[in-house]
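One-letter residues, chain by chain:
There are 2 protein chains.
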Amino acid sequence: MADVITPRSVDYAQWYVDVIRAAKLADYSPVRGCMIIRPNGYALWENMRAVLDRMFKETGHENAYFPLFIPESFLAKEAEHVEGFAKECAVVTHSRLKIDENGRLIPDPASKLEENLIVRPTSETIIWDTFSRWIQSWRDLPILINQWANVVRWEMRTRLFLRTMEFLWQEGHTAHATREEAIEEALRILDIYTTFAEEYMAMPVIQGVKTPSERFAGAVETYCIEALMQDGKALQAGTSHFLGQNFAKAFDCKFQNQNNELEYVWATSWGVSTRLIGALVMTHSDDQGLVLPPRLAPTQVVIIPIFRNDAEKSAVLEQAQRMERELKDAGFTVKLDARETHRPGWKFNEYEVQGVPLRIAIGPRDVAQGTVELARRDTRTKETVPQEGLAARVRETLEAIQQNLLARARAFRDEMTTRVDTYEQFKEVLEEKGGFILAHWDGTPETEARIKEETKATIRCIPLDRDAEALGTREEGRDMLTGKPSKQRVVFAKAY
Amino acid sequence: MADVITPRSVDYAQWYVDVIRAAKLADYSPVRGCMIIRPNGYALWENMRAVLDRMFKETGHENAYFPLFIPESFLAKEAEHVEGFAKECAVVTHSRLKIDENGRLIPDPASKLEENLIVRPTSETIIWDTFSRWIQSWRDLPILINQWANVVRWEMRTRLFLRTMEFLWQEGHTAHATREEAIEEALRILDIYTTFAEEYMAMPVIQGVKTPSERFAGAVETYCIEALMQDGKALQAGTSHFLGQNFAKAFDCKFQNQNNELEYVWATSWGVSTRLIGALVMTHSDDQGLVLPPRLAPTQVVIIPIFRNDAEKSAVLEQAQRMERELKDAGFTVKLDARETHRPGWKFNEYEVQGVPLRIAIGPRDVAQGTVELARRDTRTKETVPQEGLAARVRETLEAIQQNLLARARAFRDEMTTRVDTYEQFKEVLEEKGGFILAHWDGTPETEARIKEETKATIRCIPLDRDAEALGTREEGRDMLTGKPSKQRVVFAKAY
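First to last, the protein sequences are chains A and B.
Going by the working numbering, the first residue of the first sequence is number 1408, and it counts up by one from there.
Going by the working numbering, the first residue of the second sequence is number 1408, and it counts up by one from there.
Any given hint might turn out to be false.
The list cannot tell twin chains apart, which means a pair is met if one copy fits it or any two copies do.
As the list claims (entries may be wrong) - With a cut-off of at most 35 Å between alpha-carbon atoms, the simulated DSBU-like pairs for lysine-lysine come out as follows:
hint, residue 1, residue 2
1, Lys1464, Lys1789
2, Lys1494, Lys1505
3, Lys1661, Lys1505
4, Lys1640, Lys1901
5, Lys1464, Lys1484
6, Lys1789, Lys1735
7, Lys1735, Lys1901
8, Lys1431, Lys1901
9, Lys1484, Lys1891
10, Lys1494, Lys1640
11, Lys1519, Lys1901
12, Lys1789, Lys1742
13, Lys1742, Lys1891
14, Lys1840, Lys1789
15, Lys1431, Lys1656
16, Lys1863, Lys1720
17, Lys1431, Lys1464
18, Lys1661, Lys1431
19, Lys1656, Lys1754
20, Lys1656, Lys1519
21, Lys1754, Lys1891
22, Lys1735, Lys1720
Hint data in this document are derived by calculation from the structure and do not stem from the laboratory.
Being a predicted model, the structure only gives us computed values, none of them experimental.
Generate coordinates for the entire structure from the input sequences, incorporating the hints supplied.
What follows is the structure in structure tokens.
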């Protein structure tokens, strides 16, 4: 029996958990706040990773791997950084367990560490300590490193994929000779994240820059992409930081420039995580379960044979297997589910729940007529098509699904983006509709904090060129709360 | 200036470290026992991972991801397992740091955990806890899971790649309905490891089973592949464990069989790690640096253009770029190093140190004659060949290098494998030659322990069919020490 999925209209948060459970993406684990990523979820992550990894490599980045543990003293070196991470980190204090007099396993006091180790919440400190040994001259620059790793942040309130104590991510760390080059790198990565979100995840995003109070701990500027979920809440989907010389100064990392002068190195860091899987679920899925964009779906096409007796079985399976081969040869990921332990109806439901973009059913009548039934997951529509030219038809349909998902998400996002000019209106839209709100802000942290306190809405970002233009935010006005002058609208929302 | 590499004959251990440093594979880190895997080393690991991952998937395994942290109480559930791992594990006791009255960062006493967490040394416990929820019926079996992850074992004596506190690995965990099926799985994986070692790493191995004293903590049988390094010491390159029902019992994991009876589930686990990079270095490299088998080398072919003036440059580069395209199109990983900041001789040395299997040099005379110079890394031989048909020539040569490396390593291994019948002879061979020693053993842990204590040699394995036949170990005899009867020779060696 299939798992029951709570409708979104009844309980959105429960729907989210139900979809993840029913689609077998992840499970809660006995370790508080940690999740088990099940094969379906991990296969999705592998596909996301493969695309991003290729994009990073095409832009000159290399992968490396740095230690899981960070000495306590490293964290202390960058003042804002320690402020940001010390309050939520796993601290390793001992290197051995022993059985005590009551037969219980305890940390062996004799194994207490001289210096405690932190499980990395992010790796700027250990990497900049290393860069300080790798970099002497301008000839050693730039260094463009990426790392695929697990990190730990001791979050109190966790939610599968969106906020977990341990998560998987990539963290890029780059070192540059000039400020301009570092900013260019941070923005190049923001473009990669944007392309990935929109062209692969089919999830439209706003490119922006964070306000000072929302910056990464230790950054000079934090650039971000912000997406909108179906419940009208925003989700930060990726960040790229221009770190200035902050970490270079903390770890004394200087280089000799072309004029033989010593200068501190300029830095960026950037990352996206398994959180993107949560974003994907919340962007496209429906009350029937997961909906996946074809470019990331671990299985793009499932073939389900329908037969009632051995004669039908052999005829149907023969054609089903031929189609499987044809579609695999054409480069699609295809699964033929010929199990006789489950009925076709059960399978239809199962792959719908799991979000397989395209289902092909073939029965005795199809065999006779040389047809198959194609069913799209996104629109839940069916059509009977000839077997002849199937690969081309599948290609077109998958492409149509990919485009439809993006268009649908974009239409929703646009509909849920509201311009407001008064605080009354702001609170009303926030309360009754949610979504992105474009409003004027006087640029002070005080006003930002007051709005957050009174409404729980935060400034998601100040749109960069592309989206400032699309959204028309670059116009003068007056802060909706204080009436002070403002040069542009910013994007407010309640957020995950 | 290139790094100096200590010759093997002078100091083998230092040679090993020098090669790793000079080839930029890894660095020591400020965290004791942890290493930084540099881009060259990580690219090698990515290639190894890609091949193994494909082999696992082709045999029905799926990837998943389980939590980094293991509750202390989980470790305690399997008696031998806790005995094996409690003495060397990183213990997380707090979830927050704070600044004390002296301005020092300390674990916040208020954040002390109710139950301490262990950084996984291996994941049997957390996975079997999960399996106990996933498995109810024989229909849920088998479960064939693999995980690519980092693990931590608090080793006191560490060595880059071979033994590090944190390392990267894959750990497979499978659940089966019968004992026979589990053993079959463990041996299937041993064959995959063997194929990988011999056909990709070009490293011959002996397939065997461990003696009880060398088994994995919690296993019923540990199967292994054992390789021989150039200094005559053995290296365990991979293990595959038949775990019986030990973990199923510890975590109360039962299934309803086809007769509606409840039974404990049967288990295997298996893993290889970044240790394989150390094995690769020690199997093929020489006093000039790294030597890599073409099937795993991140760069298979490097093209170095040689010119003295702009006219030569443009002619040479044009052909070099054409070759680069041709070879890339043919599926090789190719690097064209046209930098003018470094001289050709420097580059020749650099790529030799980094172990690139094939170097192509092209100068003005080659342009005139339509030739290039091919240089093999394994034999350090050169030949001038026509540009016409280069891709086919490169393919043949890379294949010849791959085969030569395996043949050379196999010849060395065979030469270093000695049959002995007396303990005197055993000690003499061990002292003067090293290598694998095939000797009779009476099957008792006492004799095994005494030999280990007196000579530091351990029983690496009892050869399984393939290698028992090849080595002729299945013959009766008498234990070289006690004179008691023995049914077969076993493989002794000093080991890493």
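Violating hint indices (sorted, rising): 7, 9, 13, 16 and 21
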